[in-house]
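Chains as they are written, first to last, in the working numbering: chain X, 1 to 145; chain W, 1 to 90.
Hints in this document: simulated from the structure, not taken from any laboratory. Glycine residues also receive a C-beta, built at the ideal position from the N, C-alpha and C atoms. Hints are supplied without guarantee of correctness; some may be wrong.
Sample of chain X residues at the chain W side, in silico, Cβ under 7 angstroms [to be verified]:
# : residue
1 : Lys68
2 : Asp71
3 : Glu72
PhoX-like, lysine-lysine: derived pairs with alpha carbons at most 20 angstroms apart [said to hold, decoys possible]:
# : chain 1 : residue 1 : chain 2 : residue 2
4 : W       : Lys80     : W       : Lys5
5 : W       : Lys22     : W       : Lys5
6 : X       : Lys68     : W       : Lys22
7 : W       : Lys5      : X       : Lys138
8 : X       : Lys61     : W       : Lys11
Letter by letter, the chains look like this.
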Amino acid sequence: MKSLKTLAVLNYGALLVLNIAFYFVYKGRAASHIYDAIGIASLIIVALTFVPLHKRSGIWKLTHSKSKDLDERELSLTHWALSESYGWFAVICLVIMFALSLIGRMNICPQYTISMPLVASLIYFSHTLPGTLIAWKKGIPEENE
Amino acid sequence: MRTRKLYNRIKNLRVEKGISRKELADHIGVNPQTVGYLERQDYNPSLDLAFRISEFFGFPVEFIFSTALMKPMSLELQQKSSQKVPGITH
């Protein structure tokens, strides 16, 4: 469970770095090739941590299967994860909107910009958040038999 | 919803029957991981699942599940047989 938590932190941490790096690329700042490299490296970290965190642990299957393929415990766990993630996702979106409005007020950029990496990250985030909540709060036990 | 902890004998019965978690899971229609949760008493099954488990093992539901901590099966059987002794008529 501890390793899943570490993977979750790495995964979302890299996602955040990716967005910050690509934001600077988008804004056409100097030394954009450095930001490009940081962004691509973060994307690789996101992909590398996604596999053990969501695929190999079986969490992705749990949150993305049809309800008829899940048993009663899995259904209740998925229901809990989805309802929790709705709340968290709304909070994160509000934080992003607040951050963008602050950036706008501080004249860092002339208008609110929602870049393509941000949209892609939010889609990824919305799909992985229920599974990450399961990994974080409930854990996936290792079955030794 | 707060629920009471349910104790059960699923692990003992499964080991006694000599079957794996996967085999039990296939018979009662759940994921093998759920059998693990049931055996560790981390999950309370629905009434339907409890009946499926009791039908599979051939024991009444109250023998497999309890709201109180369960005694070892050998002790319970010993107590039952000692209770029956005075009443036995040959």
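Results of checking the hints against the structure:
1. Lys68: violated, 12 angstroms
2. Asp71: holds, 4 angstroms
3. Glu72: holds, 5 angstroms
4. Lys80(W) with Lys5(W): Status violated; Cα separation ~25 angstroms.
5. Lys22(W) with Lys5(W): Violated, at roughly 24 angstroms.
6. Lys68(X) with Lys22(W): Given pair lysine 68(X), lysine 22(W) holds - Cα atoms ~19 angstroms apart, limit 20 angstroms.
7. Lys5(W) with Lys138(X): holds, 17 angstroms
8. Lys61(X) with Lys11(W): Since the Cα atoms of lysine 61(X) and lysine 11(W) sit roughly 26 angstroms apart, the hinted pair is violated (cutoff 20 angstroms).
The structure shown violates the earlier hints numbered 1, 4, 5, 8.
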